[in-house]
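Counting along the sequence shown from 1, when you hit position 63 you're at 72 in our numbering, and nothing is skipped either side.
Since the hints were derived computationally from the structure, they do not count as laboratory data. We put the CB at the ideal spot given by N, CA and C, even for glycine. Heads up, a few of these hints could be off.
Below 25 Å or equal to it, Euclidean Cα-Cα: the simulated SDA-like pairs (lysine to any residue) are [said to hold, decoys possible]:
no.: 1; residue 1: K28; residue 2: L38
no.: 2; residue 1: K28; residue 2: R39
no.: 3; residue 1: K28; residue 2: A40
no.: 4; residue 1: K28; residue 2: P41
Ranges between beta-carbon positions, derived for each pair [said to hold, decoys possible]:
no.: 5; residue 1: G29; residue 2: N81; range: 34 to 42 Å
no.: 6; residue 1: K28; residue 2: G70; range: 41 to 49 Å
no.: 7; residue 1: L50; residue 2: C23; range: 24 to 32 Å
no.: 8; residue 1: S84; residue 2: S62; range: 25 to 33 Å
no.: 9; residue 1: E44; residue 2: S20; range: 25 to 33 Å
no.: 10; residue 1: V22; residue 2: S84; range: 30 to 38 Å
no.: 11; residue 1: S62; residue 2: L31; range: 56 to 64 Å
no.: 12; residue 1: E30; residue 2: T89; range: 37 to 45 Å
no.: 13; residue 1: E30; residue 2: C72; range: 45 to 53 Å
no.: 14; residue 1: P49; residue 2: E77; range: 17 to 25 Å
no.: 15; residue 1: C72; residue 2: E36; range: 46 to 54 Å
no.: 16; residue 1: Y21; residue 2: E43; range: 17 to 25 Å
no.: 17; residue 1: R39; residue 2: L76; range: 32 to 40 Å
no.: 18; residue 1: L85; residue 2: P45; range: 20 to 28 Å
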Amino acid sequence: QEAKEESATASYVCYVSGKGELTLPLEALRAPSEEPSLNPLAFTRVAMEVEPSLRSWLSLGDCRGCLEQIRNVCSLHLATPG
10 QEAKEESATA
20 SYVCYVSGKG
30 ELTLPLEALR
40 APSEEPSLNP
50 LAFTRVAMEV
60 EPSLRSWLSL
70 GDCRGCLEQI
80 RNVCSLHLAT
90 PG
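Based on the provided sequences and hints, a complete structural model is requested.
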């Protein structure tokens, strides 16, 4: 008589807001990150020197769109005249 191996599939139950409990196979989950947690207090705000010829332009409303584009392209959280 041949012994049959039963393979139990390991799963993980999690709660998803609005969807209730979901059971996922462990293979569907990614490995936890090995990177250290970010400390939001370690982030700093840096003031950049602006050429005198641009200072008056920064006081105009026209600069807002340009600063928004700079913020998006450089992945900055904040880019404002000040």
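The hints, checked one at a time:
1. K28 x L38: holds (18 Å)
2. K28 x R39: holds (20 Å)
3. K28 x A40: holds (23 Å)
4. K28 x P41: Holds: K28 and P41 sit about 23 Å apart, inside 25 Å.
5. G29 x N81: 34 to 42 Å: holds (36 Å)
6. K28 x G70: 41 to 49 Å: Since the Cβ atoms of K28 and G70 sit about 44 Å apart, the hinted range of 41 to 49 Å holds.
7. L50 x C23: 24 to 32 Å: holds (30 Å)
8. S84 x S62: 25 to 33 Å: holds (27 Å)
9. E44 x S20: 25 to 33 Å: holds (27 Å)
10. V22 x S84: 30 to 38 Å: With a Cβ separation near 36 Å, V22 and S84 satisfy 30 to 38 Å, so the hint holds.
11. S62 x L31: 56 to 64 Å: holds (58 Å)
12. E30 x T89: 37 to 45 Å: Because 44 Å falls inside the window, the suggested range holds.
13. E30 x C72: 45 to 53 Å: holds (50 Å)
14. P49 x E77: 17 to 25 Å: holds (23 Å)
15. C72 x E36: 46 to 54 Å: Hint holds: Cβ distance 50 Å, inside 46 to 54 Å.
16. Y21 x E43: 17 to 25 Å: holds (19 Å)
17. R39 x L76: 32 to 40 Å: Holds: the Cβ-Cβ distance is about 36 Å, inside 32 to 40 Å.
18. L85 x P45: 20 to 28 Å: holds (22 Å)
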